[in-house]
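Using the hints, position chain B against chain A.
Each chain, letter by letter, is given below.
2 protein chains.
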Amino acid sequence: MSTGFIGLGAMGLPMAANLQRHGLLHSVWNRSAEKAAAFAREHQCLHAQTPEALATECDVIVLCVSADQDVLDLCRQISGSLRAGALVIDCSTVAAQTAREAAALLENNSIAFLDCPVSGGTEGAVNGTLAIMVGGEESAYRRALPVLKAIGGRISHLGPSGAGQASKATNQIMVAGINQAVTEAMAFAKAQGLPLEDLIDLLGAGAAGCWFLSHRGPNMVNGEYPLGFKVELHQKDLGICREMAAGMGIKLPVVEMTMLHYQRLLDEGYRDEDISSLFRIKEQMFAQNGKRDDKQ
Amino acid sequence: MSTGFIGLGAMGLPMAANLQRHGLLHSVWNRSAEKAAAFAREHQCLHAQTPEALATECDVIVLCVSADQDVLDLCRQISGSLRAGALVIDCSTVAAQTAREAAALLENNSIAFLDCPVSGGTEGAVNGTLAIMVGGEESAYRRALPVLKAIGGRISHLGPSGAGQASKATNQIMVAGINQAVTEAMAFAKAQGLPLEDLIDLLGAGAAGCWFLSHRGPNMVNGEYPLGFKVELHQKDLGICREMAAGMGIKLPVVEMTMLHYQRLLDEGYRDEDISSLFRIKEQMFAQNGKRDDKQ
Chain A
1244 MSTGFIGLGA MGLPMAANLQ RHGLLHSVWN RSAEKAAAFA REHQCLHAQT
1294 PEALATECDV IVLCVSADQD VLDLCRQISG SLRAGALVID CSTVAAQTAR
1344 EAAALLENNS IAFLDCPVSG GTEGAVNGTL AIMVGGEESA YRRALPVLKA
1394 IGGRISHLGP SGAGQASKAT NQIMVAGINQ AVTEAMAFAK AQGLPLEDLI
1444 DLLGAGAAGC WFLSHRGPNM VNGEYPLGFK VELHQKDLGI CREMAAGMGI
1494 KLPVVEMTML HYQRLLDEGY RDEDISSLFR IKEQMFAQNG KRDDKQ
Chain B
1244 MSTGFIGLGA MGLPMAANLQ RHGLLHSVWN RSAEKAAAFA REHQCLHAQT
1294 PEALATECDV IVLCVSADQD VLDLCRQISG SLRAGALVID CSTVAAQTAR
1344 EAAALLENNS IAFLDCPVSG GTEGAVNGTL AIMVGGEESA YRRALPVLKA
1394 IGGRISHLGP SGAGQASKAT NQIMVAGINQ AVTEAMAFAK AQGLPLEDLI
1444 DLLGAGAAGC WFLSHRGPNM VNGEYPLGFK VELHQKDLGI CREMAAGMGI
1494 KLPVVEMTML HYQRLLDEGY RDEDISSLFR IKEQMFAQNG KRDDKQ
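These protein sequence lines map, in sequence, to chains A and B. End of the first sequence = 1539 in my numbering, gap-free, step of one. End of the second sequence = 1539 in my numbering, gap-free, step of one.
Do not rely on the hints blindly, as some may be mistaken.
In silico PhoX-like pairs for lysine-lysine, Cα to Cα no more than 25 angstroms straight-line [what the hints assert, rightly or not]:
| id | chain 1 | residue 1 | chain 2 | residue 2 |
| --- | --- | --- | --- | --- |
| 1 | B | Lys1479 | A | Lys1433 |
| 2 | A | Lys1494 | B | Lys1494 |
| 3 | A | Lys1479 | B | Lys1479 |
Listing some non-contacts, in silico: residues in chain B with all C-beta distances to chain A over 12 angstroms [to be verified]:
| id | residue |
| --- | --- |
| 4 | Pro1257 |
| 5 | Ala1310 |
| 6 | Arg1326 |
| 7 | Gly1402 |
| 8 | Ala1409 |
| 9 | Glu1427 |
| 10 | Ala1428 |
No lab work stands behind these hints, which were simulated from the structure alone. Beta carbons: idealized from backbone N, C-alpha and C, even for Gly.
Extracted from the complex, chain A is given alone in its bound form (with noise of 0.2 angstroms):
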């Protein structure tokens, strides 16, 4: 199988090495041509100068990108240039109806398409562990097996094109509930002056056990937000499902509430730290307060 990768950012990169490494990268095409070209001598696989170049060389074609838009236009793109029983299988985060585009219209030249966002971040790109999501047809599926193996620990098909971008939507959704369940009740603890890290014990042990208070909990407490997992990341993926709710004609109260509070991160300059530093907004609220106070 020839796999062609596009898009080699910082989840794209150690993807597309992690199928060198298995013996099924042909070639890469990325927008700046530096980085692909100085990709293809380290690992020493073909550059296509063009992504058609590289749909004319290749079975399978994996795309890692930024956009909705993106991800159109490259199918557009290429769909000329791709065989009939080509591949293509997109690990970009985009929304469920842009996966259904993509798909329909690779579809009118017998091309097979996945929706395969991925969770697990730079960490579990780089080993091979990351989480897929997959949208699709059955049998594109069982073909695209090799590959996904090749980047991805834990790989689940959830439906029709568009089920992987939905359950990755519903997977950022209670992310950002949780952010907002932890830090909101760490913040009130801290006004409270209890000892967090016993907090973090106790209530781990219990209703309140989660993922992200075992493993976030301890920036709070140290007020240090590594990554993780970029707040300007986490508010493109919630915009996301937040025009896919709309699509259904409804606001998501947890989506728009966190969106708002990100916002705030963003514009002071928090962009780069971890989602868990969403614990700074609820800080301020205490805070804002607790000045308040003072001039009364």
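Chain B in isolation, oriented as in the chain A frame:
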């Protein structure tokens, strides 16, 4: 150590039974006398005719009642009858400020007070595995340990008077937010037509992993919300959290949103369901819009 128990409700009754099993229970009192008489017959302890009578005979009094005012009234009532050096252990869930007032009130008569709210539900009360969050003086805490160990599994001393209640409030805020996170995300997933059981497994293994998703997610799949923890009781506890926050001059957004949603559940007659029935409200968001779409 001769212990008296006041408040034989859903939690208090099995807690008192565990004290009796450990040979620590002397007598009980309950507002409705029949319940206390029946308990005393069954568990072969004394049935005190008044809180004052119980207080004269015991070194340790455990309270397990419903409201802040009940705690303060009972402490006033028994303070003259308890001997100096006695200890009051309050397992009710009330405001931290109430605990501090009760402690101050008893301190005048050289009686120690510990706020010891519990979590773990009636199951934990029956099995003697409750988590107990203790606020008060170290010396009183050490004296209380035999009693606390008879009713609890995990016992943490978290600071001076009020720290136990503040810790319980922190837990209730966090659980409210996690409930919001899980139910909103799961309702979104259901509206997107995703396989919910698979998602519970998949998301539970990542950054969204939490006790609530694993243990209460299946309720949402089944549309049944067995106890668990009653909506009505969590609403009462969140009212305490709201008052504690108001005492610091602020509103907690997660708490405000959840109280609003719980009120809808209470209005619709779901007070005795597990709190995961918040999923009903989140599903309504999507269903109501669906109806609106039909009219367009």
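Taking the hints in turn, this is what the structure says about them:
1. Taken as a hint, the lysine 1479 of chain B and lysine 1433 of chain A pair is honoured in the structure, with Cα atoms around 22 angstroms apart against an allowance of 25 angstroms.
2. Proximity of lysine 1494 of chain A to lysine 1494 of chain B is assessed by CA-CA distance (about 22 angstroms); at most 25 angstroms being required, the pair is judged to hold.
3. Proposed proximity of lysine 1479 of chain A and lysine 1479 of chain B is contradicted: the alpha carbons are some 37 angstroms apart, above 25 angstroms.
4. Look at proline 1257 of chain B: its CB is around 18 angstroms from the nearest CB on chain A, clear of 12 angstroms, so calling it non-interface holds up.
5. Every Cβ of chain A is farther than 12 angstroms from the Cβ of alanine 1310 of chain B; the closest lies at roughly 21 angstroms, confirming the non-interface assignment.
6. The beta carbon of arginine 1326 of chain B is kept farther than 12 angstroms from every beta carbon of chain A, the shortest such distance being approximately 32 angstroms.
7. Residue placement check: glycine 1402 of chain B does not keep its beta carbon more than 12 angstroms from all beta carbons of chain A (closest about 6 angstroms).
8. Residue-level check failed: alanine 1409 of chain B sits 4 angstroms from the nearest beta carbon of chain A, not beyond 12 angstroms.
9. The non-interface label for glutamate 1427 of chain B is inconsistent with chain A: the shortest C-beta to C-beta separation is roughly 5 angstroms, within 12 angstroms.
10. Its closest Cβ contact with chain A, about 4 angstroms, brings alanine 1428 of chain B to no more than 12 angstroms, contrary to its assignment away from the interface.
Hint compliance for this structure: hints 3, 7, 8, 9 and 10 are broken, all remaining hints hold.
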